[in-house]
Amino acid sequence: MIIGLDVGGTHTDVVLIGKEGLEKQVKVPTDTSALFQTVLTGLEKITEKIPPGQITHAVLSTTLTTNAIIQDKLTPAGMIITGGPGIDPEAFRTDAHYFIVPGAIDHSGREIEAIDPETVKTAADQLAASGIRHVGVVGKFSARNPMHERQIEEIIRDRFDKVFLGHLISGNFGFPRRINTTFLNASVYPVHRNFFEAVKKSLKQKGITVPIHILKADGGTMGLDTSIDFPGQSILSGPAASIMGSVAFAQDGAETLVLDIGGTSTDMAVLINRVPLLAPNGVDISDYKTLIRALKTKSIGIGGDSCVRVVNGRLTIGPDRSGPAMGYGGPAPTPTDALFVLDRSEGGDRELAIKGIDPLASQLGLSVEETAYEIFDKTCREILAGARRMIEDINSKPVYTVKEALQGYQVNPDHILVLGGPAPYFAEHFQNISGYAVETIPECQVANAIGTALSRTTCEVTLFADTQKGLATAPEESFSQTVNLDFSRQDAHRMAAALLKQKAVRLGADAKDIETEMIEDLEFNIVRGFRLMGKNFRVKQQIKPGLIHDYYTISKKIAESCVQSSIDFHE
Amino acid sequence: MLKASHKTGLVFFPAFDWAISATHPEREERLLYTQDQVLEEGLFDVNGITEYKSELVDIKDVQRVHFSYPDAWRVMTESHFISAGGAKTIAKAVMDKSVERGFALVRPPGHHAMRVVHGGRGFCNVNNEAIMLEYLRQAYGIDRVAIVDTDCHHGDGTQDIYWHDPDTLYISMHQDGRTMYPGSGFTQELGGPNAAGTTLNIPLPPYTGEAGFLHALNEVVLPAIDEFQPELIINSAGQDNHFTDPLTNMLFTAQGYSELTRLLKPDIVVLEGGYSIEGALPYVNIGIILALAGMDYSHVIEPGYDPEKLKQTETVTRTVEQTCETVMASWKQREAIGQRLRGDQEFAERRRSVFYDTEEIHETQNETLRLCPECSGALKIDSTSDRGAHILAIHVPRKSCSNCRNLGYQWYESAKTKAYDMICIQDRVEDSYLVKTP
Chain A
1 MIIGLDVGGT HTDVVLIGKE GLEKQVKVPT DTSALFQTVL TGLEKITEKI
51 PPGQITHAVL STTLTTNAII QDKLTPAGMI ITGGPGIDPE AFRTDAHYFI
101 VPGAIDHSGR EIEAIDPETV KTAADQLAAS GIRHVGVVGK FSARNPMHER
151 QIEEIIRDRF DKVFLGHLIS GNFGFPRRIN TTFLNASVYP VHRNFFEAVK
201 KSLKQKGITV PIHILKADGG TMGLDTSIDF PGQSILSGPA ASIMGSVAFA
251 QDGAETLVLD IGGTSTDMAV LINRVPLLAP NGVDISDYKT LIRALKTKSI
301 GIGGDSCVRV VNGRLTIGPD RSGPAMGYGG PAPTPTDALF VLDRSEGGDR
351 ELAIKGIDPL ASQLGLSVEE TAYEIFDKTC REILAGARRM IEDINSKPVY
401 TVKEALQGYQ VNPDHILVLG GPAPYFAEHF QNISGYAVET IPECQVANAI
451 GTALSRTTCE VTLFADTQKG LATAPEESFS QTVNLDFSRQ DAHRMAAALL
501 KQKAVRLGAD AKDIETEMIE DLEFNIVRGF RLMGKNFRVK QQIKPGLIHD
551 YYTISKKIAE SCVQSSIDFH E
Chain B
1001 MLKASHKTGL VFFPAFDWAI SATHPEREER LLYTQDQVLE EGLFDVNGIT
1051 EYKSELVDIK DVQRVHFSYP DAWRVMTESH FISAGGAKTI AKAVMDKSVE
1101 RGFALVRPPG HHAMRVVHGG RGFCNVNNEA IMLEYLRQAY GIDRVAIVDT
1151 DCHHGDGTQD IYWHDPDTLY ISMHQDGRTM YPGSGFTQEL GGPNAAGTTL
1201 NIPLPPYTGE AGFLHALNEV VLPAIDEFQP ELIINSAGQD NHFTDPLTNM
1251 LFTAQGYSEL TRLLKPDIVV LEGGYSIEGA LPYVNIGIIL ALAGMDYSHV
1301 IEPGYDPEKL KQTETVTRTV EQTCETVMAS WKQREAIGQR LRGDQEFAER
1351 RRSVFYDTEE IHETQNETLR LCPECSGALK IDSTSDRGAH ILAIHVPRKS
1401 CSNCRNLGYQ WYESAKTKAY DMICIQDRVE DSYLVKTP
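Chains A and B, in that order, are what the protein sequence lines are.
Everything in the first sequence is counted per my numbering, starting at 1 for the first residue and increasing by one.
Everything in the second sequence is counted per my numbering, starting at 1001 for the first residue and increasing by one.
Calculated from the structure, these hints are not laboratory results.
Built from N, CA and C at the ideal position, the CB exists for glycine as well.
Don't take every hint at face value.
Quick partial rundown of chain B residues pointing at chain A, CB under 10 Å, derived from the structure [as the list claims (entries may be wrong)]:
no., residue
1, V1011
2, P1014
3, A1015
4, A1022
5, Y1033
6, D1045
7, V1046
8, E1078
9, N1249
10, I1301
11, P1303
12, P1438
Simulated crosslink set (SDA-like; lysine to any residue; CA at most 20 Å straight-line) [claimed, not checked]:
no., chain 1, residue 1, chain 2, residue 2
13, A, K397, B, K1092
14, B, K1053, A, L406
15, B, K1092, A, S396
16, B, K1097, A, K298
17, A, K397, B, A1022
18, A, K289, B, E1051
19, B, K1053, A, L277
20, A, K403, B, D1045
21, B, K1003, A, D287
22, B, K1003, A, A91
23, A, K540, B, D1017
24, B, K1053, A, D287
25, A, K403, B, T1077
26, B, K1053, A, P280
27, A, K397, B, K1053
28, A, K298, B, T1050
29, A, K289, A, I394
30, A, K397, B, D1045
31, A, K403, B, I1020
32, B, K1092, A, N395
The shape of chain A in the complex, shown without the other chains:
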């Protein structure tokens, strides 16, 4: 059995899933000031009366690192940077503990300028003198040749508790993003490590020794040990949990738009044949653009509890939330109040809701019912408009080959899957105004925890091979091997696949359940002086986000039982 635990803003969902389906589910309130206690309580409750030997592992999705970054509660970390021709790396300064030292590598991995050990030592002295314990080392083009990062690490590693190297964090280009990502990893490292070591210890004291996996922003998991080295990967796993939860409910072969309607906001994503689309570069958090792999999601500030106002004679919804709906005793009218007025939803006090909407109605010169309908309609339309903007954004992504330009593949979802508390009340109207087939995940409010529990381990590998230089490298994997002139594209594919499998197993994947996918496959003739000198291959492979194979049927079963128990709004 697998435990899935997803920490949300207001409550934490925990599920236990076995071969028969959902064995147990628990909801505990989230106390953001005592997250450790929240997680521990959740785990204790779910494991009560369950023989520990039956639990294979637990997957946790927490807001720990996310909150540390958003609330700017980062532990100071130092950065040592090497640049090269281009934008002055000073432009990417993270904070005062940022040192640019000599050393440069060019786009093809050649050394342009050597590092200067003395300058590195001086920088390390200053960092150490400022009390810095964790340092990130990032070089421009280190994803092509990590030599300088390693040399610097060698010089400074005895001086600090932990040194993070940029090239190990992602095989993708993007020097400023690599700087940010390495900085965030170094900055959240202590809080992440302390937290999970404490969780592990407490569980052990209670006799629970299951392996712990951490959910990542790309909807995949990694082992706890790996997460200690790459704590940044754990940020923004919350939206990923919900989206992975929706995967079980999506249809095979369909293009599905997922709308997760919450109190404050609506999160959106697109599934193609039950596989969520990934963000092209990496996730953005606070002011940091990163190289952290993440699902392509969009969040708009409209949810069930959004504040409704009349501004210049027009209704506005959100983006702020000032509390629960008035029907639940809240301070301001919300779309949920509109549902109460329209008798589309029960549970709240209709009279209080009417009282909230009445002033808006008189400003608009409409009846309370008409105003409630306008609010309801506008909420649905704005959510759909947000979804359309996301799809346009996905479809306007530039392509770099004639083949892709001519194929012009466009995402065009024909299904909407709505999750979240208010979902069932909006679903029918979505269908009426969009023309899409709309399905809800109504009763099953632990889809996020199910997604967390059943997500497979994901990762990607980038391989460069240059037969002129006679070298194949995957710096992120610390891999380098000589190759002959006859090294072929197929050889590159095989080499990348082997690296990917090793990496996945290392991260905690089941070796029998590894499905690789090619995401970049380019081959270039290297011509110098009009002569063919060799070939340049660029191969990127990934394990795409999805649910664990063994649990595929179980996830389907859970989904069906949820849907059967739901209200059929078509009637």
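Please build the complex by placing chain B on the supplied structure of chain A, with the hints as guidance.
Same frame as chain A, now just chain B:
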């Protein structure tokens, strides 16, 4: 966070699956290292820099500029439609004010493609800038435009297309045609009788360095533009003046290209040639983008940059200065030169031959231009290729008077399909293109 002080749009279309041939300079690998550099710099993440997806031009966009034989589809590959489309996408973004400036980093290039197209010339089949500009004139009503061509090779195709257009100031600075393909672009090439002076050529001697290029810019290009008062400045940005380019002999640098861009302030930049794919392109392109966006480019120093070694000689300096004086003298006398060329004739004729190096086609053209006092004049080109194609191409200019337009149609109607393989009329007043074939 980094911010562009001028909002800048980029289309990046490296055509990673298209080449003229496996070892040709115009091959898949050409923009690979530029892509690496652009991505590693994180340029698309800069606040104020937007990447656009290249659209495809349609056949009408091509027919507005070219007479293609046997037709546009057969002289173009898919990549040409996308490359010209990239220029069009960027131009629209600028015109729609989504961005202030734009750069189409596209391949294949286009500035050797002339009005009549029998095949590929100098790695070019259709003219990206002209297709873009004529689209802008049609869709946005743009009139006066300056095109500044900074490729090391003379942009004889763009010159040909705008030879008779007094509303397009075409200025090319390039390596002297006596030492470089295509062997044209001398100071006395100043445009046709109705457009004298709106073509300016600044041939630069081999081993011209930063000083020479910036001298030509400051002494000829900027003053001429200042006087011409264009609504738009387009830069055909070839990067083969770089000191590492394998096909040319110049000493220009990434800093020089950046500085030139900063001073020229082009609205739209379109990539042309440049074949030092590792040593120059990544740096020159970054420099141009940063300069366009109004960002600091002082750190764009390519490996091997040594200002002392790359300094041009005194002889080069003197030659450049003299050339610039000659060009400016012609510019100042352009009215008189035009009058002298027109004389009191009703028609001007010109006979010339064009070589298409890609497929080794020889073409002979007999051109007839009406010397109209009202407009830039109806134009007729009788073109024969050594492959046996004989075509008649009639161009009715954008601001044609009714007499010239009627004459164009008279030429078209009276031409016998027995005598030609193709007769076509490009009517820029109606924005139409008609073809008669046997």
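Do the hints match the structure? See the list:
1. For V1011 (chain B), the interface hint holds, since its Cβ comes within 10 Å of a Cβ in chain A; the closest pair sits about 7 Å apart.
2. Annotation: P1014 (chain B) was flagged as interfacial toward chain A, and the flag holds, the nearest CB pair being 5 Å apart, inside 10 Å.
3. For the restraint placing A1015 (chain B) at the interface with chain A, the shortest Cβ-Cβ distance is roughly 6 Å, inside the 10 Å limit, so the hint holds.
4. Residue-level restraint check for A1022 (chain B) holds (minimum Cβ-Cβ distance to chain A is 6 Å; threshold 10 Å).
5. With 10 Å as the threshold, the beta carbon of Y1033 (chain B) comes within range of chain A, its nearest partner Cβ sitting at about 5 Å, so the hint holds.
6. Residue-level restraint check for D1045 (chain B) holds (minimum Cβ-Cβ distance to chain A is 5 Å; threshold 10 Å).
7. For V1046 (chain B), the interface hint holds, the least distance from its beta-carbon to any beta-carbon of chain A being 9 Å, beneath 10 Å.
8. The interface hint given for E1078 (chain B) holds, since its Cβ lies 5 Å from the closest Cβ of chain A, which is under the 10 Å cut-off.
9. Look at N1249 (chain B): its Cβ only gets to about 16 Å from chain A, farther than 10 Å, so that hint breaks.
10. Interface hint at I1301 (chain B): satisfied, since its Cβ lies 5 Å from the closest Cβ of chain A, which is below the 10 Å cut-off.
11. About 5 Å separates the beta-carbon of P1303 (chain B) from the nearest beta-carbon of chain A, less than 10 Å, and the hint is met.
12. For P1438 (chain B), the suggested interface contact is broken, since its CB lies about 33 Å from the closest CB of chain A, more than 10 Å.
13. Proximity of K397 (chain A) to K1092 (chain B) is assessed by CA-CA distance (about 17 Å); at most 20 Å being required, the pair is judged to hold.
14. Note on K1053 (chain B) and L406 (chain A): the hinted pairing holds, with a Cα-Cα distance of about 12 Å set against a maximum of 20 Å.
15. As the CA atoms of K1092 (chain B) and S396 (chain A) are separated by approximately 15 Å, the hinted pair is consistent with the 20 Å bound.
16. Restraint check: the Cα-Cα separation between K1097 (chain B) and K298 (chain A) comes to about 26 Å, which exceeds 20 Å; the hinted pair is violated.
17. Of the pairs offered as hints, the one joining K397 (chain A) and A1022 (chain B) is violated, with about 28 Å between alpha carbons and a cut-off of 20 Å exceeded.
18. The suggested pairing of K289 (chain A) with E1051 (chain B) holds, with an alpha-carbon distance near 16 Å, which does not exceed 20 Å.
19. Our distance criterion of 20 Å between C-alpha atoms is met by K1053 (chain B) and L277 (chain A), whose separation comes to about 19 Å.
20. Distance check on the hinted pair: K403 (chain A) and D1045 (chain B) sit about 26 Å apart at the alpha-carbon level, beyond 20 Å; violated.
21. Pair hint K1003 (chain B) plus D287 (chain A) holds up; C-alpha atoms about 13 Å apart against a cutoff of 20 Å.
22. Taking the CA atoms of K1003 (chain B) and A91 (chain A), the gap is about 10 Å. The hint holds against a cut of 20 Å.
23. Restraint check for K540 (chain A) and D1017 (chain B): the C-alpha separation of about 17 Å stays at or below 20 Å, so the hint holds.
24. Straight-line distance between C-alpha atoms of K1053 (chain B) and D287 (chain A) comes to about 26 Å, which puts the hinted pair past the 20 Å bound.
25. Our distance criterion of 20 Å between C-alpha atoms is met by K403 (chain A) and T1077 (chain B), whose separation comes to about 12 Å.
26. The suggested pairing of K1053 (chain B) with P280 (chain A) holds, with an alpha-carbon distance near 14 Å, which does not exceed 20 Å.
27. For a cut-off of 20 Å, the pair hint linking K397 (chain A) to K1053 (chain B) stands: about 6 Å separates their Cα positions.
28. Taking the CA atoms of K298 (chain A) and T1050 (chain B), the gap is near 19 Å; set against the 20 Å cutoff, the hint holds.
29. Restraint check for K289 (chain A) and I394 (chain A): satisfied, since their Cα atoms lie roughly 18 Å apart, inside the 20 Å limit.
30. Distance check on the hinted pair: K397 (chain A) and D1045 (chain B) sit about 14 Å apart at the alpha-carbon level, within 20 Å; holds.
31. Of the supplied pair hints, the one linking K403 (chain A) and I1020 (chain B) holds, its CA atoms being roughly 16 Å apart against a limit of 20 Å.
32. With a C-alpha separation of about 19 Å, the suggested pairing of K1092 (chain B) with N395 (chain A) holds against the 20 Å cut-off.
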